[in-house]
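**Q** Turn these sequences into a full structure, and let the hints steer you where they fit.
Those sequence lines, one after another, are chains H and W.
Quick note: the first sequence, position 114, residue 113 per numbering that gives the first Met the number 0, numbers continuous.
Quick note: the second sequence, position 330, residue 329 per numbering that gives the first Met the number 0, numbers continuous.
Just so you know, these hints were derived from the structure itself, not from any lab.
Worth double-checking, as some hints may not be accurate.
Straight-line Cα separation of at most 20 Å, SDA-like style, residue types lysine to any residue; simulated pairs [to be verified]:
(1) Lys75/H with Ala451/W
(2) Lys440/W with Val181/H
(3) Lys81/H with Gly425/W
(4) Lys75/H with Ser458/W
(5) Lys81/H with Ser458/W
Given next are the chains, with one letter for each unit.
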Amino acid sequence: MTTTTGPGSRRRRVARFRQRLTFDRISFVAVFLILPLAIFGVFELSPYIQAFYYAMTNWGGFSAEMDFVGFDNFIKLTSDAKFLRAAANSALLCAVLPTLTLVTAFAIAVVVTTGGPIIGRVTGLKGGGFYRVISFFPYTVPAIVIGLIWAQVYDPTRGLLNGFLKLIGLDQFDGFPWIGNVHTAMPASMFVILWGFVGFYTILFVAAIKGIPAETYEAARIDGAGRFRTAVSIALPQVLDSVQTSYIYLGLTVIDSFVYMRVLNAQGGPDFSTLTITQDLHMEAFTRGQFGYATSMGVVLAAITMLYAGIIFLIFRLIRGKDTDLGSAA
Amino acid sequence: MKKPTIRAIASAGAAALVMGALLSCAAPSSNSGDEPTGGGGGEVTADNPFGLAAGTSIDAVVFDGGYHTDYVDFAGEVLKAKFPDVTVKVTATSEINAEMQPRFVGGNPPDLLDNQGAQQIPLASVIESLATWDDLWEAENYEGVKISDAVYPGIRETGTYNGRFVQVPYVMTAWAFYYSQSLFDENSWTPPKTWDEALTLCESAKAKDLKLFVWGKEAASYWKYLALDSAVKQGGVEIVERIANLEPGAWDDPTLRSVLDKFKQVIDNQCFIPGGSGQQFTQAQAQWSNDKSALLYYTGSWIENEMAQATADNFQMTAWPPLVVDEATAALPFAAIDSGADEKFVLPADSANIAGGKELMRAMLSKEAASNFAKTRLAPTIVKDTVPADGFGSTALASTVKLISESGESTFSWSFGGYDTYYAFGPDELVIWNAFLDGQKTVDELIADEEALGVRAASDANVEKVKYSF
Chain H
0 MTTTTGPGSR RRRVARFRQR LTFDRISFVA VFLILPLAIF GVFELSPYIQ AFYYAMTNWG
60 GFSAEMDFVG FDNFIKLTSD AKFLRAAANS ALLCAVLPTL TLVTAFAIAV VVTTGGPIIG
120 RVTGLKGGGF YRVISFFPYT VPAIVIGLIW AQVYDPTRGL LNGFLKLIGL DQFDGFPWIG
180 NVHTAMPASM FVILWGFVGF YTILFVAAIK GIPAETYEAA RIDGAGRFRT AVSIALPQVL
240 DSVQTSYIYL GLTVIDSFVY MRVLNAQGGP DFSTLTITQD LHMEAFTRGQ FGYATSMGVV
300 LAAITMLYAG IIFLIFRLIR GKDTDLGSAA
Chain W
0 MKKPTIRAIA SAGAAALVMG ALLSCAAPSS NSGDEPTGGG GGEVTADNPF GLAAGTSIDA
60 VVFDGGYHTD YVDFAGEVLK AKFPDVTVKV TATSEINAEM QPRFVGGNPP DLLDNQGAQQ
120 IPLASVIESL ATWDDLWEAE NYEGVKISDA VYPGIRETGT YNGRFVQVPY VMTAWAFYYS
180 QSLFDENSWT PPKTWDEALT LCESAKAKDL KLFVWGKEAA SYWKYLALDS AVKQGGVEIV
240 ERIANLEPGA WDDPTLRSVL DKFKQVIDNQ CFIPGGSGQQ FTQAQAQWSN DKSALLYYTG
300 SWIENEMAQA TADNFQMTAW PPLVVDEATA ALPFAAIDSG ADEKFVLPAD SANIAGGKEL
360 MRAMLSKEAA SNFAKTRLAP TIVKDTVPAD GFGSTALAST VKLISESGES TFSWSFGGYD
420 TYYAFGPDEL VIWNAFLDGQ KTVDELIADE EALGVRAASD ANVEKVKYSF
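**A** Here's what the structure looks like:
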């Protein structure tokens with residue numbers, strides 16, 4: 000956002016104008032301030048408040064009757080093995096997936112923008128545009144379809160993956176249940192999510208890297224920096240803003256992960272190893288008719304989400320605080 | 000998808016924390032105390048037993064699953080022949096729970112609801128908002144026969160919970176092994192009667208590079224039904240009655256244990272096609288019905304309809320009773336099967352036209368509508384005598400109906416509208432059984448896990464307990 004400040008005399012006139020309530024001004028405030036605030040209050044704030052209240056009831060969901068039970072639901076959560084498993088899974092997703100996805104996306108972005116010949120103009124790999132389109136392609140497919148496709152790919156006896164593994168002589172994978180084995184279900188599911196998101200972040204990083212002046216690269220090259228060195232020391236620090244935004248946004252998405260996980264393993268996977276909080280919440284509400292308890296899971300999920308965002312902000316602040324040479328640090 | 004910003008989440012969360020405390024003493028809005036509605040309004044006669052008023056409309060919501068929903072449309076036409084100025088609206092959905100929840104809370108539920116499928120409303124959640132079907136059972140059907148006499152016995156009992164008759168299950172269903180008669184004839188195999196025979200057949204199947212059984216991850220609990228049905232045949236229905244009544248230690252029964260030990264042997268001998276815990280159940284079923292790589296599949300009689308598009312030519316699908324451990328000492332004859340009615344229709348008490356809901360079910364139970372269902376869905380309804388001996392040319396239907404009649408008095412029925420649906424054990428049991436079938440659980444672990452589910456349900460103060468007797 001930008002703000003313009005005019006010369007002093009105009010500023011005074013503006014100040015005087017501020018005190019008069021003209022129709023223009025009132026309508027401006029009404030349309031641009033009160034209306035959005037009202038919408039925010041009705042559709043954003045009040046559901047949160049309502050949810051917080053429901054979280055402290057034993058509401059069953061199918062009648063208007065409910066008893067206030069205070070913090071009982073939250074206390075119950077602390078000893079609910081299934082919920083704790085789901086929370087641990089969500090934490091694992093948050094810890095692993097954003098890093099993995101962004102590192103992959105960044106690597107692809109660097110290669111297609113600056114991976115070309117080391118001599119001459121800074122260019123991407125030959126045919127970089129093609130790879131860019133290929134990597135973006137999965138992002139245009141809806142999550143539910145991605146899940147359905149991969150559920151078929153992972154099929155133990157009829158799937159492409161085991162078919163391919165058998166073809167290259169790995170017969171021990173005949174009938175191997177990738178999303179049905181307690182050790183592989185989570186990594187296999189994570190791969191699907193990574194596959195779905197990597198293209199979008201590649202495009203984001205490509206745009207950010209293209210914004211870096213070519214002179215910076217040329218100077219680094221003259222100093223003898225290779226491709227890896229320019230990627231880490233030139234590209235990465237200058238796209239850190241994008242990385243931070245991506246990190247938070249991707250984190251919020253993978254804490255949810257509902258669509259992918261539900262399509263791949265509707266019941267939470269072997270030994271609940273792919274169960275997410277959102278799935279557990281959905282099951283408590285809609286399969287077991289415990290809406291109050293499910294809502295308390297939602298409140299905890301909101302808290303975890305905020306905590307995650309806070310941690311990421313803190314980490315990036317620490318990283319940037321040390322590196323004062325970065326002109327673009329805001 | 001909603002994409003909230005960090006600031007939005009943070010500020011909303013903070014506001015919620017502050018204001019949640021302030022609002023916590025506010026009472027929720029309630030529509031309890033409303034007058035019961037939908038009491039017909041028309042004149043009550045033998046021909047109009049519920050007093051359906053002229054000019055009203057009937058709102059039915061029907062689960063859109065294997066049987067689809069046009070059979071209710073058909074019944075609607077039958078009804079309109081009698082009540083020309085009544086309109087019938089049938090809404091098809093598979094998201095019963097999510098779509099009906101706001102309507103129940105808002106006090107405008109449908110007049111007739113088919114509460115079925117993976118997304119069904121747990122009965123325990125709505126049982127208090129349901130009207131009973133008592134007067135339907137006393138009414139005469141469109142042919143002038145009292146409805147309770149026109150249907151198979153035991154239907155009312157299946158739909159009764161703690162003395163209230165709240166569910167009419169519409170479709171007669173049987174649990175059985177299904178197999179390809181042509182495949183068995185080709186290899187001169189006979190279906191097994193005992194677990195030991197099954198183990199022997201498993202080895203003959205292996206010699207042909209085939210497996211005995213197959214399972215899919217969403218349908219792993221079908222094999223729980225085999226275990227319990229087998230235990231009932233071996234040791235009596237009390238075994239499953241104790242389980243249904245959540246008695247502590249009910250799963251640790253010597254007869255059930257003997258079944259599970261045999262079952263474990265089948266698993267350890269690799270008689271299942273591997274990988275079922277990671278395979279979608281329809282894909283798994285197709286390996287049996289289309290690829291013929293597994294010999295037997297324990298399932299419900301809807302299987303023919305469900306796999307119609309993925310069944311090999313000349314498959315000759317045929318039904319067979321569940322296994323026993325030892326025929327000589329078994330409590331029930333080998334012909335005994337688990338059969339009852341499913342596809343549960345309920346009457347929400349707050350609906351606008353309860354009389355309409357009842358009348359539509361009365362139309363569905365007419366000979367015309369029931370015969371139409373049997374013929375087009377290849378499954379019998381609860382109305383007697385609608386399936387000819389040749390099963391409309393279907394070996395599966397003919398053999399299922401034969402199995403039901405051979406089972407006769409020894410038929411038991413615990414799994415329809417069963418305790419596991421009532422207490423919503425579904426998701427947890429799938430995890431347990433997928434692991435067991437995958438060879439990752441011992442019999443002791445399986446028993447301990449099932450016991451734990453019972454203990455959890457028994458100690459849940461929010462759910463009213465049901466006393467089952469089979």
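**Q** Each hint needs a verdict: does it hold in this structure or not?
**A** Hints, verified against the model:
Between Lys75/H and Ala451/W the alpha-carbon distance is near 16 Å, which keeps this suggested pair within the 20 Å criterion. Distance hint between Lys440/W and Val181/H is fulfilled; the C-alpha atoms sit about 12 Å from each other, no more than 20 Å. A hinted pair counts as satisfied when its Cα atoms are at most 20 Å apart, and Lys81/H with Gly425/W qualifies at roughly 14 Å. Restraint check: the Cα-Cα separation between Lys75/H and Ser458/W comes to about 13 Å, which is no more than 20 Å; the hinted pair holds.
For a cut-off of 20 Å, the pair hint linking Lys81/H to Ser458/W stands: about 17 Å separates their Cα positions.
Of the numbered hints listed earlier, not one is contradicted by the structure.
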